[in-house]
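2 protein chains.
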Amino acid sequence: MLLLRRCHSLTRFGPLNTQRHQLTPAVVLCAVRLWSSSSEDGGSYQRAHGPSWRHGLAGLLAGTGAVLAYGLHHHKAEQQDSSTVQTIEKTSAFPIISQEEVTTHRSLEHGIWVTFKGGVYDITKFVAMHPGGDKILLAAGGALEPFWALYAVHNQEHVLEMLSEYKVGELSAEDVKKQKTIKTSDPYSTDPERHPALHINNLKPFNAEPPPELLSDSFITPSAIFFKRNHLPVPQVDAASYQLHIEGLPGGVLTLSLEELKTRFPKHTITATLQCAGNRRSEMNKVKQVKGLNWGIAAISNATWGGARLRDVLLAAGYSPDVAQRAFHVQFEGLDKDVTGTTYGASIPLNKAVNEEGDVLLAYEMNGQDIPPDHGYPVRAVVPGTVGARNVKWLGKIIVSAEESSSHWQQNDYKGFSPGTDWDTVDFKSAPAIQELPIQSAITVPTDGAVVDRSSEEVTVKGYAWSGGGREVVRVDVSLDGGKTWQVAQMRSSEKGQAPGPSPPPGRAWAWKLWEVTAPLPAEAQELEIVCKAVDNSYNMQPDTVPPIWNLRGVLSNAWHRVKVEIREDDNEE
Amino acid sequence: MLLLRRCHSLTRFGPLNTQRHQLTPAVVLCAVRLWSSSSEDGGSYQRAHGPSWRHGLAGLLAGTGAVLAYGLHHHKAEQQDSSTVQTIEKTSAFPIISQEEVTTHRSLEHGIWVTFKGGVYDITKFVAMHPGGDKILLAAGGALEPFWALYAVHNQEHVLEMLSEYKVGELSAEDVKKQKTIKTSDPYSTDPERHPALHINNLKPFNAEPPPELLSDSFITPSAIFFKRNHLPVPQVDAASYQLHIEGLPGGVLTLSLEELKTRFPKHTITATLQCAGNRRSEMNKVKQVKGLNWGIAAISNATWGGARLRDVLLAAGYSPDVAQRAFHVQFEGLDKDVTGTTYGASIPLNKAVNEEGDVLLAYEMNGQDIPPDHGYPVRAVVPGTVGARNVKWLGKIIVSAEESSSHWQQNDYKGFSPGTDWDTVDFKSAPAIQELPIQSAITVPTDGAVVDRSSEEVTVKGYAWSGGGREVVRVDVSLDGGKTWQVAQMRSSEKGQAPGPSPPPGRAWAWKLWEVTAPLPAEAQELEIVCKAVDNSYNMQPDTVPPIWNLRGVLSNAWHRVKVEIREDDNEE
Numbered sequence: 001m002l003l004l005r006r007c008h009s010l011t012r013f014g015p016l017n018t019q020r021h022q023l024t025p026a027v028v029l030c031a032v033r034l035w036s037s038s039s040e041d042g043g044s045y046q047r048a049h050g051p052s053w054r055h056g057l058a059g060l061l062a063g064t065g066a067v068l069a070y071g072l073h074h075h076k077a078e079q080q081d082s083s084t085v086q087t088i089e090k091t092s093a094f095p096i097i098s099q100e101e102v103t104t105h106r107s108l109e110h111g112i113w114v115t116f117k118g119g120v121y122d123i124t125k126f127v128a129m130h131p132g133g134d135k136i137l138l139a140a141g142g143a144l145e146p147f148w149a150l151y152a153v154h155n156q157e158h159v160l161e162m163l164s165e166y167k168v169g170e171l172s173a174e175d176v177k178k179q180k181t182i183k184t185s186d187p188y189s190t191d192p193e194r195h196p197a198l199h200i201n202n203l204k205p206f207n208a209e210p211p212p213e214l215l216s217d218s219f220i221t222p223s224a225i226f227f228k229r230n231h232l233p234v235p236q237v238d239a240a241s242y243q244l245h246i247e248g249l250p251g252g253v254l255t256l257s258l259e260e261l262k263t264r265f266p267k268h269t270i271t272a273t274l275q276c277a278g279n280r281r282s283e284m285n286k287v288k289q290v291k292g293l294n295w296g297i298a299a300i301s302n303a304t305w306g307g308a309r310l311r312d313v314l315l316a317a318g319y320s321p322d323v324a325q326r327a328f329h330v331q332f333e334g335l336d337k338d339v340t341g342t343t344y345g346a347s348i349p350l351n352k353a354v355n356e357e358g359d360v361l362l363a364y365e366m367n368g369q370d371i372p373p374d375h376g377y378p379v380r381a382v383v384p385g386t387v388g389a390r391n392v393k394w395l396g397k398i399i400v401s402a403e404e405s406s407s408h409w410q411q412n413d414y415k416g417f418s419p420g421t422d423w424d425t426v427d428f429k430s431a432p433a434i435q436e437l438p439i440q441s442a443i444t445v446p447t448d449g450a451v452v453d454r455s456s457e458e459v460t461v462k463g464y465a466w467s468g469g470g471r472e473v474v475r476v477d478v479s480l481d482g483g484k485t486w487q488v489a490q491m492r493s494s495e496k497g498q499a500p501g502p503s504p505p506p507g508r509a510w511a512w513k514l515w516e517v518t519a520p521l522p523a524e525a526q527e528l529e530i531v532c533k534a535v536d537n538s539y540n541m542q543p544d545t546v547p548p549i550w551n552l553r554g555v556l557s558n559a560w561h562r563v564k565v566e567i568r569e570d571d572n573e574e
Numbered sequence: 001m002l003l004l005r006r007c008h009s010l011t012r013f014g015p016l017n018t019q020r021h022q023l024t025p026a027v028v029l030c031a032v033r034l035w036s037s038s039s040e041d042g043g044s045y046q047r048a049h050g051p052s053w054r055h056g057l058a059g060l061l062a063g064t065g066a067v068l069a070y071g072l073h074h075h076k077a078e079q080q081d082s083s084t085v086q087t088i089e090k091t092s093a094f095p096i097i098s099q100e101e102v103t104t105h106r107s108l109e110h111g112i113w114v115t116f117k118g119g120v121y122d123i124t125k126f127v128a129m130h131p132g133g134d135k136i137l138l139a140a141g142g143a144l145e146p147f148w149a150l151y152a153v154h155n156q157e158h159v160l161e162m163l164s165e166y167k168v169g170e171l172s173a174e175d176v177k178k179q180k181t182i183k184t185s186d187p188y189s190t191d192p193e194r195h196p197a198l199h200i201n202n203l204k205p206f207n208a209e210p211p212p213e214l215l216s217d218s219f220i221t222p223s224a225i226f227f228k229r230n231h232l233p234v235p236q237v238d239a240a241s242y243q244l245h246i247e248g249l250p251g252g253v254l255t256l257s258l259e260e261l262k263t264r265f266p267k268h269t270i271t272a273t274l275q276c277a278g279n280r281r282s283e284m285n286k287v288k289q290v291k292g293l294n295w296g297i298a299a300i301s302n303a304t305w306g307g308a309r310l311r312d313v314l315l316a317a318g319y320s321p322d323v324a325q326r327a328f329h330v331q332f333e334g335l336d337k338d339v340t341g342t343t344y345g346a347s348i349p350l351n352k353a354v355n356e357e358g359d360v361l362l363a364y365e366m367n368g369q370d371i372p373p374d375h376g377y378p379v380r381a382v383v384p385g386t387v388g389a390r391n392v393k394w395l396g397k398i399i400v401s402a403e404e405s406s407s408h409w410q411q412n413d414y415k416g417f418s419p420g421t422d423w424d425t426v427d428f429k430s431a432p433a434i435q436e437l438p439i440q441s442a443i444t445v446p447t448d449g450a451v452v453d454r455s456s457e458e459v460t461v462k463g464y465a466w467s468g469g470g471r472e473v474v475r476v477d478v479s480l481d482g483g484k485t486w487q488v489a490q491m492r493s494s495e496k497g498q499a500p501g502p503s504p505p506p507g508r509a510w511a512w513k514l515w516e517v518t519a520p521l522p523a524e525a526q527e528l529e530i531v532c533k534a535v536d537n538s539y540n541m542q543p544d545t546v547p548p549i550w551n552l553r554g555v556l557s558n559a560w561h562r563v564k565v566e567i568r569e570d571d572n573e574e
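Chain order of the listed sequences is A and B.
Using the numbering used here, the first residue of the first sequence is number 1, and each one after it goes up by one.
Using the numbering used here, the first residue of the second sequence is number 1, and each one after it goes up by one.
FYI, nobody ran anything at the bench for these hints, they're computed from the structure.
There could be a bad hint or two in this list.
One copy or two, it doesn't matter: identical chains are merged, so the pair holds either way.
[Said to hold, decoys possible] Calculated cross-link-like contacts (lysine to aspartate or glutamate; reagent style DMTMM-like; alpha-carbon spacing at most 25 Å):
| # | residue 1 | residue 2 |
| --- | --- | --- |
| 1 | K125 | E101 |
| 2 | K117 | E404 |
| 3 | K484 | D424 |
| 4 | K117 | E170 |
| 5 | K177 | D122 |
| 6 | K262 | D370 |
| 7 | K262 | D338 |
| 8 | K178 | E145 |
| 9 | K484 | D422 |
| 10 | K117 | E174 |
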């Protein structure tokens, strides 16, 4: 029974539901894996990957007994990778068009044409509808393949169906032959290996989250299972030749090597939680479909970061308070780039960057080691209290500017809108770029659909709580009856069994709190609707329900978190 | 009809209800007053009070056409004042006790005895239940009268009933005679006159709020109708001899005269909204009774404040960054005091006080004039983004300290708790003192129970929105159907018709925004449930409903605000 109940927790990776008979396949799969794992003395994932994971996660796994499903991971990865790309039919009804002709259609005035697997498509009318914005124009007059290799989200049947509607011709055989000689190398082939415990939301670029029950086991999330949110391939950066450029200050451009960053500036260490703006998006998808990766509740993690203060580096580059008269933003550019050379970019307000209490780091350490490739090796921005998207990884350039970053991700993404705003009416200029995130909490244990035996008499509920802007979580309320009555959870801000550090100064509470409640099972209940809500020290609270905060990008999903748990009356079968 | 509908808006001062027939008396009263007011060329309240009000409010009143009910104000004031104090019965069944004997009972060990109107009461068992905390001990061994004169909240029948349960004797005739010769002068007799538009929640100390529809008419609230929240009598402060003491810094005590404060430090001006922690408490009272003044939605106002920066004064008094190694709070002491000499007090975090971007003022001007007596003449703290209670008025002393203020209001009041916490279980040490307030908004027009004629075809909804901590309001969503569908309101951050100033820097948006939506009346609806909710730039949102944020002190009431409006089909009677 214990095995069965633990395995239930994996079912959140499948469709969420509470009917037990539907859970059967997952339970069986889970049991098989548990057997295969234990029979091989630690499981195949440990053999497949290096000893660093084994070291970092040994205690973690012993503590949770969670099932880490390597097979599932590989299976899903392959599915997404090879995909459905071969399904477009050839038809001879279309005219033959030369690449030369295609190349003349690269403006809205002359039409936007692209080629894909030997077909020619006039996508002029589609440009305005493209979920990725006007980046689609980068492919104008040329082939889609290199872009789709980069954004694997396109490798889906409905995308191909949409494309087929715009077909206008066949590329000439000669040009097809030419195209084939330009080998499209996979820009993701050098991405690092990942821990098999991660649940993959997207393979290319890599986006994955840990199982919730692992998350709440460690106050400091091990780097290997820290959620990963990449927008582009992981760049290969050579630490010896790495350079960081700081621009826009009176001293001209300052260029620092990694060694200089480490030795010229004092090392500062903070423990800070990062959260993706899309964390818990899956709950918004249940209300009405949104655009974005279908994150569960674990696109959030907590780590200790070490590095130079951005403030110190800006001062060394010539920052003085009068700069703030003309400059209001600090832009970050990553070294990760797409085929056109466009890099990932974002910006933060200048006062966050230069304030002594802002604690913004140019971090080169994560949990006491070099930052791993997936998290920005060798240097990333850590902007505590601020949405993950501004914590730019593989940092190449810092620009002090009068303007926000002009990147797609700053201007036309990562913004919140009214539930009444749809893709026909949205004006991205009308909303501010997300910086500080609102109060958040979620239940990691038990998972939705779990079963509790009546004989256990009580239920233990665990979770995390965090707020943006350095606002400390001061209380978590937990309800077992859907929100009618509430009890206050116990919180901790250190590893289990360790004494908590001193309270953070006001406005500098960057780390989450883990919480726990053990309560008697209500005598009459056959099902529990467990709910949590957190309060921060500005007494902001989470909204009750999802629909009124629903937004077309599915960001900022911070309503009360709810899971349903079935109470099974004891029977005589065992 | 126009008159009738406007008068409806006054009914929120009575019990809130939506049934029209119950509103009749208020409507009649209102009509009578409107007649009497106009027949006397401006109304009696203008004659009764000086020309400054007439000047400040002329435009305001012309713009709203609101009815300002002077008679109502006076009637209620008298009711609260003369009250029910004479109702305790004499009985000869009790022993005669001397004042000397009473005086020996002033500790929990020996019992807590008090006298009231010739009776002797052993209140030992009541001490723990006293809503005002252990301040009740100040009366031990003596008479209650001077305390009750100060806290007029005691002048209620149920308080006297409670007291009568604790009666143990009659004070000796000789001692009663002695007591009578000590004339209890009313410490509130020198309180300033107030504007009759204010709705009085408590007369002594004075607590009052403006009618909501006046509130949303002015971006800057005229001082006369700015909500008043006094904890004690208004002190009489002589500007010429006024002294402000700054203690706890290496330079020793710095003492400044008003003139020095004005001339030694640059004058800094900010526009900042202040809100009482108890704003909208009446909505919590509808869920379950809480302790505190029954504020409507208007215990919030916006003004322009001028004064010296606290930061500059602390620097002049010897503050340097190393002080922050040992001190974490700045305490404020008011000059308002009770009969024992205990002054009003509160504290704020040191980093808010000294941060260049904290904008904390020692203000001597409100809306371009000397601060009026009710708002802290001659000097008050203005701590923008922070709950009203920390904006200490009639400022006498500033203490830089390792500790928070030890005052009742910092330690045992103005804190938030879980809805499951009651007076038997509350531990005031478990919650942080409220500082920054959460996101807030409310509908000022129309008021609950208003009637809209179908022929008007559309409805205009107005209100305010504000958030603490300098977080700018970025959106207000308005629903006419109870929260099912939403539209985005137009916001303004200046007086009507004036161009808004430049956007505040991040984290320094201290002023509210006024908002407005005009929408067609839904064709089928007979009633509208109008709802508003605001979003600030950390994307915090208001909770949906009141019960899950209910707390025993009724503070932090910031759920969606809801008003019901009846749509009347046109008929042939008019």
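Against the structure, the hints come out as follows:
With identical chains, the CA atoms of K125 and E101 are at most 25 Å apart within one copy only, with a shortest distance of 19 Å there and 96 Å across copies. Proximity of K117 to E404 under the C-alpha cut-off of 25 Å is found in neither arrangement, the shortest distances being 38 Å within a copy and 70 Å between copies. In this assembly of identical chains, K484 and D424 lie within 25 Å of each other by CA distance solely across copies; the values are 20 Å between and 39 Å within a copy. Only within a single protomer do K117 and E170 lie at most 25 Å apart by alpha-carbon distance; the minimum there is 9 Å, versus 104 Å between protomers.
Proximity of K177 and D122 under a CA criterion of 25 Å is satisfied intra-copy only: 21 Å inside one chain copy versus 103 Å between copies. In this assembly of identical chains, the alpha carbons of K262 and D370 lie at most 25 Å apart only when taken from the same copy (12 Å versus 55 Å across copies). Taking identical chains as interchangeable, the C-alpha atoms of K262 and D338 are never at most 25 Å apart, the minima being 29 Å within one chain and 59 Å between chains. Taking the shortest Cα distances, K178 and E145 sit within 25 Å of each other inside one copy (14 Å), while across copies they are farther apart (101 Å).
When the C-alpha separation of K484 and D422 is checked against a cutoff of 25 Å, the pair qualifies only between copies, where the shortest distance is 15 Å, while the shortest distance within a copy is 33 Å. In this homomeric assembly, K117 and E174 come within 25 Å of each other (Cα to Cα) only inside a single copy, at 13 Å, whereas the closest approach across copies is 110 Å.
Violation of the numbered hints given earlier is confined to hints 2, 7; the remaining hints are satisfied by the structure.
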